[in-house]
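In order, the protein sequence lines correspond to chains A and B.
The working numbering numbers the first residue of the first sequence as 1 and each following residue consecutively.
The working numbering numbers the first residue of the second sequence as 1 and each following residue consecutively.
Quick caveat, the hints were computed from the structure, so don't treat them as lab data.
C-beta atoms are modelled at their ideal positions from N, C-alpha and C, and glycine is treated no differently.
Please note that a few of the clues may not be correct.
Computed footprint of chain A on chain B; a stretch qualifies when at least three of its residues, placed anywhere within it, have a C-beta under 8 Å from a C-beta of chain A [said to hold, decoys possible]:
1) 337-344
2) 419-425
3) 434-444
4) 447-460
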Amino acid sequence: MGADSGPGAPAAAPWRKVLYGRQPYPDNYVDRRFLAELRRNVGVQQLRYWSVAREAGLVGQQVSCVAVFVALWSSLDGGALPPAALLWGGLLAALLGYGLHGALGGGTGGRTRWADLQSAAIFLAFTFGFSPVLKTLTESVSTDTVYAMSALMLLAHLLFFPYARPSPPGSLSLNAALFGSVCLASRLPGALHAFAMLTWALLLFALWPCLLQRLRDRAPRAFPWAAALVSLAGVGGLSGLWPGGSVLLLLTLLALTLACPLLLVRLQRHKDNIHGPWDEAEIREDLSRFLD
Amino acid sequence: MVLKIFFPQCCTTADSGLLVGCWIPDQDSAVVLAVVHYPFIPGQVKRYLTEIRSQTDVDLTVLGSWSMPKEGQEGMDSFLKDLSTIFPHSRWLQLSREIGKRGFTCQVVRKGGMFLKEQAKEGEGSVRDENEKVIIVHYDQRKVMLSQLHPVQEGVSHSKMEQSALRAVFHTVAQSHPLFFIDKYDDGPLKLTHWQSEGREASIIAELVKQGSVPVCKLLTWMLSLWSWLGSIRLLNVPPVRFISSKLSTCVQLGYRTEHLQTVSSTRKATEHMEFMRKANIFVSFLLDMALGLLLIAWLYRENRIGKLASTLVPVADVRVPYPSKNHLDLSGLKMNRALDQVLGRFFIYHIHLWISYIHLMSPFIEMILWYVGLSACLGLTFALSVLSDMVALLTFHIYCFYVYGARLYCLKIYGLSSLWRLFRGKKWNVLRQRVDSCSYDMDQLFIGTLLFTILLFLLPTTALYYLVFTLLRLVVVLFQGLIHLAVDLLNSFPLFAMGLRVCRPYRLAEGVKFRVLCEEEGTPLHLMMEINPIKVSAVLQYYRTPTYSCYPRDSWMALCKKLFVGELIYPWKHKTTKTD
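Please model the complete structure; the sequences and the hints are all you need to start from.
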């Protein structure tokens, strides 16, 4: 079992690393060249702090998105914001976003303007038509249950969000976010409130990540500024609702964006992967050329 | 090799004479059917035997001789021994009784005069090859003749080889009844002793009924043919009428009774046992049915019971479906949606309103209708029950409608929910592979799908409650109808005649035999008494049940629960129609 050792070792032909030939050595014998093929940390990238912090900004940004949404909801619920104003604001934001999306170029991905208009029309008609139904949906459910459900759903949204590539939206995360927003929207005083809320939910959870993805691809320098803007909006919006909460949010954001990347980079040093010929083979080339 | 001789009990005290019977070749047995007494002319005996052999299927021969010692007939023995040369035989039996002994001795003579000694006791140590053990089995001839072995093997026994000894014995005795026509009062050339030799039994009433039944059957058959011609005219065979008449149990029952009557009233005499039993069962159950129906009429038409029934029926019919109100149910923690609740409630209440006005329209006529419908009970209790079942079905038609609405709504909802739940998780049902696969949906689809999912989910308790209430009501009605059908089916198919036969004359339905040792004396063969073992009561039901439609549950409990949960429409009773052969 050990390397060549001791006088007891039979000194016949040199040991070869084969099993198909009979050798005077036992089957589990290894010689001095054992572990010569060991490689350490082959595929490990060297992370740099600021690029990691930049990517972590996406996570922080998403958390503040949720915070913005909750702030909007509470202001609508409290009556501080009239729904009509919110609707117009939403329309404006949508148009701006659409313009930005087009301006950043890169093609429309196979969708014509007409198809986009159709989608918007369907969505508006549907939501407007169903908003009276949606308003009375959770009437018989107690408030605590509604809040708990929404919180759970928004948490699920954050957990399952496809941070690597936000653009084709992950089904579960988007659906969870919409479910939570419908639960919250059904608590609002009027049908128009519910409609406004749902419009903003779609903007924030469905359309904004697409724009963000575009930004990340085309204008990488503007991306951190957009994320920072959203974070600030989140903190600010929450401060009106619950100052303690906004402080908490700020701390969380700082931790996520600054402290966690530091931790990651520091811990990277301790990474110790060993590779060798005993690893499972990974097929790196594209085998689709064989499928014909 | 044991030779079994089946000896009728009535012949144990007969005078000396010739044994007439039948050999059962493979099983080495002989069945003695009668004893021909002295004086006789051998030629006449032979002629008589050939005559009987041509009438029946039985291979009658002279088996041997029987000697009962009496004063004045000492020379009989040797005379009878000499007879063995006259009649053709392969084996000749010589049975004889002796004064002072209960059993009788038996000597078997092979053709060619080889004398075979019989063995007096069983189980003797020495074995001699040419020795034959003889067992004499006594049987009650009348009982065996009338009895039928079960399971019944119908049809001409094309291969007698496959019959067991018992079956062969029963068959032989049953087939030989022409042999038993001559009794001791007849002035023919031969004097026989068998079970009927004391005098043929007959009853005047039975004869009169037999004579009278022929024209009655002819009349019935003509009437039934008229009825079935009526039933088959084009107007009544239009598909909607057909559909309705297949659902109304009165029409079904009418059809069955017509069929039964046709079986009973056919003028052809029943040749086989099963056919006879079936006719008899149907006839008796029909009589019972009519009797019960007439009793019902006698009870119903007294003291203005019909009027009382009519006046209680109308308020019962407009039973108000309990309308679940929000206040009442929120206490129990159910999440009812008020808007949907109001919509559904209004819809159903409108229906009930329609139904009630219809009933009120009919209410002055109800008593008259009931009076005339009650008269139909004279056709039998089964008819009255079928009419009751149909009336219940008609009066609770609105419950059935509500159940269908509620079930369809609930089913749609469950289906939609399950499909949208898959969308929620980002999966989809692969129809080709019959499994759930992942799928990348469009933004539009995701949005609208989630919205619908939320709506359906929150509206589920309301719909489920309505569904539950209507399903329960429907199940109650179905149970009640099922009970009635069970009673009707019981009346239709219970084999009363066979059961009565089993109770009063158990020997007629035989499952097997049992043997009792009669006498075991030295110097005589073993005497056994064969007694008929009647079939069990449950076996009577199994063999003789008249096939009619039987109601039994279509689904097992698990399948039923699953259907209820998913919202599929349930029709719990399946009517099995069996074809009568």
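So, going through the hints one by one against the coordinates:
1. 337-344: With 3 residues in contact (Cβ-Cβ under 8 Å with chain A), the coverage given for the region 337-344 of chain B holds.
2. 419-425: holds (count 3)
3. 434-444: holds (count 4)
4. 447-460: holds (count 10)
Going down the numbered hints, you'll see the structure goes against none, and every one checks out.
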